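Novice: With the hints as your guide, set chain B onto chain A.
The listed protein sequences correspond, in order, to chains A and B. Numbering of the first sequence is given in this note's numbering, commencing with residue 516 and proceeding in unit increments. Numbering of the second sequence is given in this note's numbering, commencing with residue 516 and proceeding in unit increments.
All clues given are correct.
Copies of the same chain are indistinguishable here, so a pair counts whether it falls within one copy or spans any two.
Calculated pairs, DSSO-like style, for lysine-lysine (alpha carbon to alpha carbon, straight line, at most 27 Å):
#, residue 1, residue 2
1, Lys-640, Lys-548
2, Lys-683, Lys-740
3, Lys-634, Lys-592
4, Lys-640, Lys-606
5, Lys-634, Lys-606
6, Lys-518, Lys-548
7, Lys-640, Lys-539
8, Lys-740, Lys-676
9, Lys-640, Lys-592
Calculated from the structure, these hints are not laboratory results. Everything numeric in this text was worked out from a predicted model, so none of it was measured.
Number of protein chains: 2
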Amino acid sequence: MSKIKCVISYDGSGFAGYQIQPGKRTVQGEIEKVLTKIHKGKPVRIYASGRTDSGVHALGQVIHFETDNIMSAASWKQALNAMVPHDIFIKDAMRVPDTFHARFDVVEKEYHYVVSRSKEPDVFKRHYAYHFPYTLDVGRVQRACSCFEGTHDFTTFSSAKSTAKGSKERTLFEVSCEEHGNELIFIFRGSGYLYNMVRILVGTLLDIGQGNMEAGDIPDLFAKKDRRLAGKTVPPEGLYLWHVVYDRVK
Amino acid sequence: MSKIKCVISYDGSGFAGYQIQPGKRTVQGEIEKVLTKIHKGKPVRIYASGRTDSGVHALGQVIHFETDNIMSAASWKQALNAMVPHDIFIKDAMRVPDTFHARFDVVEKEYHYVVSRSKEPDVFKRHYAYHFPYTLDVGRVQRACSCFEGTHDFTTFSSAKSTAKGSKERTLFEVSCEEHGNELIFIFRGSGYLYNMVRILVGTLLDIGQGNMEAGDIPDLFAKKDRRLAGKTVPPEGLYLWHVVYDRVK
Numbered sequence: 516m517s518k519i520k521c522v523i524s525y526d527g528s529g530f531a532g533y534q535i536q537p538g539k540r541t542v543q544g545e546i547e548k549v550l551t552k553i554h555k556g557k558p559v560r561i562y563a564s565g566r567t568d569s570g571v572h573a574l575g576q577v578i579h580f581e582t583d584n585i586m587s588a589a590s591w592k593q594a595l596n597a598m599v600p601h602d603i604f605i606k607d608a609m610r611v612p613d614t615f616h617a618r619f620d621v622v623e624k625e626y627h628y629v630v631s632r633s634k635e636p637d638v639f640k641r642h643y644a645y646h647f648p649y650t651l652d653v654g655r656v657q658r659a660c661s662c663f664e665g666t667h668d669f670t671t672f673s674s675a676k677s678t679a680k681g682s683k684e685r686t687l688f689e690v691s692c693e694e695h696g697n698e699l700i701f702i703f704r705g706s707g708y709l710y711n712m713v714r715i716l717v718g719t720l721l722d723i724g725q726g727n728m729e730a731g732d733i734p735d736l737f738a739k740k741d742r743r744l745a746g747k748t749v750p751p752e753g754l755y756l757w758h759v760v761y762d763r764v765k
Numbered sequence: 516m517s518k519i520k521c522v523i524s525y526d527g528s529g530f531a532g533y534q535i536q537p538g539k540r541t542v543q544g545e546i547e548k549v550l551t552k553i554h555k556g557k558p559v560r561i562y563a564s565g566r567t568d569s570g571v572h573a574l575g576q577v578i579h580f581e582t583d584n585i586m587s588a589a590s591w592k593q594a595l596n597a598m599v600p601h602d603i604f605i606k607d608a609m610r611v612p613d614t615f616h617a618r619f620d621v622v623e624k625e626y627h628y629v630v631s632r633s634k635e636p637d638v639f640k641r642h643y644a645y646h647f648p649y650t651l652d653v654g655r656v657q658r659a660c661s662c663f664e665g666t667h668d669f670t671t672f673s674s675a676k677s678t679a680k681g682s683k684e685r686t687l688f689e690v691s692c693e694e695h696g697n698e699l700i701f702i703f704r705g706s707g708y709l710y711n712m713v714r715i716l717v718g719t720l721l722d723i724g725q726g727n728m729e730a731g732d733i734p735d736l737f738a739k740k741d742r743r744l745a746g747k748t749v750p751p752e753g754l755y756l757w758h759v760v761y762d763r764v765k
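Chain A with its partners taken away, still in its complex shape (with noise of 0.2 Å):
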C-alpha cells in the first residue's frame, strides 16, 4: 500500500459541503467515487485538512488516501482530473510517507474571506463574495484585525453548535483585511478554527467597521465566552480555504 496526498480546489457553490452524506453531492462523496472506479469497485475512503460547510470553496484543501495502484504520482493527478466533476481540480499529488495525515499533521492553516462592497449585486459574484453595500469604515476594520491574533479562548467567536471537545483555545498568527477596489479580503492564518469561527469574526468586524462595536470591547468578548456577543455568521460564499501547511520535517 502507498499513501497519496492531494491538493485540490473546489467550487463549494454546487456542493453540500466538503463531508460525504447520502442523498447529497459533496466534495469526499464525488472524490470517493472515482477512486472507487479507479480500483475496480473497492471501497476507498479519503481524509481531508477538515470539513468545509456547503457553499464554502478551496483553492488548496488537502486530502490523502491508500491505495494498491503502483500508477505514479503524476499519473494520480491526470487520472483524477479525468474523472473528478469540472467543479473540482486536482492541482498537485504526491505520495507521502505512511507516518502522513492529512487532518491530524496541520500545523496552519490560511482561508480568505471576499466581501465585496459593490452598490448593486453583482450576478457573476453571487456565489463567490459575501455582498455587503453598507457604510463601512475599513480603516477601523483593519486596526481591529490584530485584536484577535495570538492565543485566546475563541468559545465567543465559534457556534454554539460546535462539536469541538476539550479546550476552545486557537492560535491566530495573522487577522488581516487587505482592500482591493470595492472588495475587502480577510485573511486568517491560525493553527486550527472552531466551528464557524472565520465567518463569525468576519461579521464581528463588519460590526466594528459599522460602529456598532469597539475594537476596545474584544479583550471583554473573550472574557465573556458567549456566543450571542459577537456578530453575526456571515454567509459562506465569501470563504475560501486557501492554504493548508504541514512540517516539512515529519
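Specialist: Just chain B now, with coordinates in the frame of chain A:
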C-alpha cells in the same frame, strides 16, 4: 399603456439561453413569469435586443415590455429585482416612448469574449472564460483583429445554421484584443451580428495566433463565403453581451 426599457445582466450558466422554450429555464421565461405575476396573471411579453445562446452571459442586455401598471421606473427596478432569480439582475429601468423597440432600434452592440490562458483549469472560471492553455502569439492575434473591422459579408464567419434572411453584410466598428494577466479579452463593437459570428471570429483569431492561418488570408476567406474555411466556434462560456447602444434622438 406605457413602455418600460430595462438594462439587465445575467449569468448564462444556469440558462438554456435567453429565448423562452417550453420546459427549459430561460432568461425570457423567468422574467415573463415575474411580469405575469405582477400583472395578476395576465401574460406579458418581453422583447430583447437579441437572443443569447445557452451559457452566454450578459452585462448589458436590453429588454422592453408594455404595461398598464403605473408604478415609477425606480419601483419597476425594485419590484423586478425582488422577484427575479439571483442569476438575473435589473441594472436599470426607465420609461421610454411608445416608438422604442429593444430589437429594431439597436444602433450598436458590444460583445466581449474572455479567453483564459492559464496552464491549468480554474474551477472558478469554468463557466466564465474559455480555457485555452495552448501556445499563442498574442501580437499576431492583436494585429489580425483589424482585418475584420469595416463592412463585409460575414457568411464565412457565421454558422451554416444561420437563419438570417437577406444580406449577410454587417459592419464591425471595432475588433480588438486586450491582454490582462493570463486572460485575453476580445472586444467587438458592431451594427449587428450573424449567428455564432463572434464565436467563429474568436476561433479564427486563435487559429491565426497559433500559426494555423495568416491574417493575409482573411480577404480571401471573406470572398469565398464558406463556413468551413474559418476557425472553429469557440464555446459559449467566454461570451458576454456587454452593451447595447440606441439612437438618442429617437
